[in-house]
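> Chains as they are written, first to last, in my numbering: chain A, 1 to 515; chain B, 1 to 83.
If you're looking for bench data, these hints aren't it; they were derived computationally from the structure. Heads up, a few of these hints could be off.
To be verified - The calculated BS3-like cross-link candidates involving lysine-lysine, where the alpha carbons are at most 30 Å apart (straight line), are:
| # | chain 1 | residue 1 | chain 2 | residue 2 |
| --- | --- | --- | --- | --- |
| 1 | A | LYS433 | B | LYS78 |
| 2 | A | LYS259 | B | LYS56 |
| 3 | A | LYS259 | B | LYS78 |
| 4 | A | LYS335 | B | LYS78 |
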Amino acid sequence: MNRPATTDLVAGFFAHFRAQPDRSCFGFADTVYTYAQVMAEVQRILRLLSAESFAAEQTIAVHATPDLHTYAAILATLASGRAYTPIHPQQPPERSWSCLQQVGTRAMLQSGPASDFQRWLAAAGHDVAVHDTTTAEAAERFREPVPPQPDDVAYLLFTSGSTGTPKGVPIYHRNLATFFAALLDSTGFAFGADDRFLQMFDLTFDLSVMSAFAPLLLGASSYIPSTKGTGYLSVLRVLERHQITVALMVPSVLAFLDKYFDEIRLPQLKYSMFCGEALPAPLASGWSACVPNARLFNVYGPTEATIFCTAYEVPTDGSPILSHQGVVSIGRPLKGTRLLVGNDHGSLAPPGETGELLLAGGQVTNQYWKNPEKTAAAFTQVLDGESLIDVYRTGDLAYEQDGQFYYCGRLDSQVKIAGYRVELGEIEFHARKLPAVVNAAAVARKDASGNYVLRLFLESHQPVSDAAIAEYRALLGRALPSYMVPQKIDVVPNLPLNQNGKIDRKRLGELVAEV
Amino acid sequence: MTSQELFDQIQTVFQTTFDDPSLQISRTMTADDVEGWDSFAHINLIMALEVRFGVKFRLSELQELNCVGDMVDMIAGKIGVGA
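Isolated chain A, as found in the complex:
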């Protein structure tokens, strides 16, 4: 393949706009926009961002509705030399406000004249200037991008935090450049300008950066499904309608489509990649028949290590799939990343021994934003031979065998729901603040299709009516994203305790199974 001339996605976008302005760039629903059309939007927003009122802002919040204006707002923010932080439109406003406060920005770009979050900000008296990108004035001149410095932050994403406050993860341009260089150079992916990428992720999820913006380095295009209620069906519709050739998806999509595999044929798909959750080997095997011409990859990586940092090519010729307890191997590190396994004594475990997976290298960030306590706990050093190296502690359990790594579970109570990280502790933190609630315990259990179902047990010493439980649900919905609101809430007079006086989570799991 032709290696892209740059690993800077904005520079790539500008170069391909100049070379082939009429090529397709982004597709939303039935409308496909060319590089020239996207650039026109980017230039309008760059003009907006050149206003004096933005001068003090290092980071711009982007209200992340899935439309052309939002994608252009992200590109324009990066082109102006700033970082972006996406704000999920359906996220509870208190949580979004927490993100804005942590970032320290007072400016948000938004597609359209009004949003629920904007109204909430106004009602709460918070001083945030919200700018409608759809009415930005046409550019009076063409603005070139500000070249990013390696240590500039490119984006700030927030992940679930067990103490009730989401943690900010800054990804620097050096991290992003390392990822794109590894993706396009060393993994064996032969993407090209004619490829059509699927972009099924919320912009608050870092896999979106790969799916939406890697194509811009190649002069290729990206297609975004509708986010309406039938999510995974619209993903399939886009795969078929736009003849997608590169698809990065979460395994939850397969868990949903599993029983329909006999109806699915996607011969045009060349690369089918999975990330964000453990990939069950039987699902991968079944899916390969739906995509007869595709190479299958399981890729792995937390937000802190920039999108993904390992890859395993799943064989589709009938040879055995490397797996641990039915979960497909996460493979080998990408170029520029090191995977290490730490043991309980703070040193490295030998091959074959399970321990905490530690990540080092150019894709790994160095902190949680303005959070020294969480930073110190997760970003540490280990002795490798005679030298200390900086590592990120993933909290994932893994082992290495013959150079391949195998995911074995979590050290803590984090679960993945459709790829989103969910700390059960964050749910419990907010649940304990509900009226008449003494204590709370959240339980995640897999249903028949392999998806996690969240169940919340509340300890209350007062009678609690159905109406009160409905109110609890509403209150939790104001504090937590929808995927973190438990499907079922039960009130009990006492939570079961184990011999140590701690909540007996094993017993709670059994209670869920019994119902």
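Assemble chain B onto chain A, guided by the hints.
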């Protein structure tokens, strides 16, 4: 089973799936009208309807479901409930 009984039973499945005993469905209702009806809830809803009525939706059928009325009609057709 009458059409009304079928409709009531589907409403019960909705109430259970969305954990909201007061939820009232209508034929024109879509995912946009129900709080919490996102892609995760949609999967749970389809599975719950299949279990409750002992039916199986084909993928091509699911892609034609645009509103609650479409669901009601499709289930009615599968289990033989007249209009």
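> Confirm or reject each hint.
Hints, verified against the model:
no., hint, in the structure
1, LYS433/A x LYS78/B, "violated (46 Å)"
2, LYS259/A x LYS56/B, "holds (10 Å)"
3, LYS259/A x LYS78/B, "holds (18 Å)"
4, LYS335/A x LYS78/B, "violated (54 Å)"
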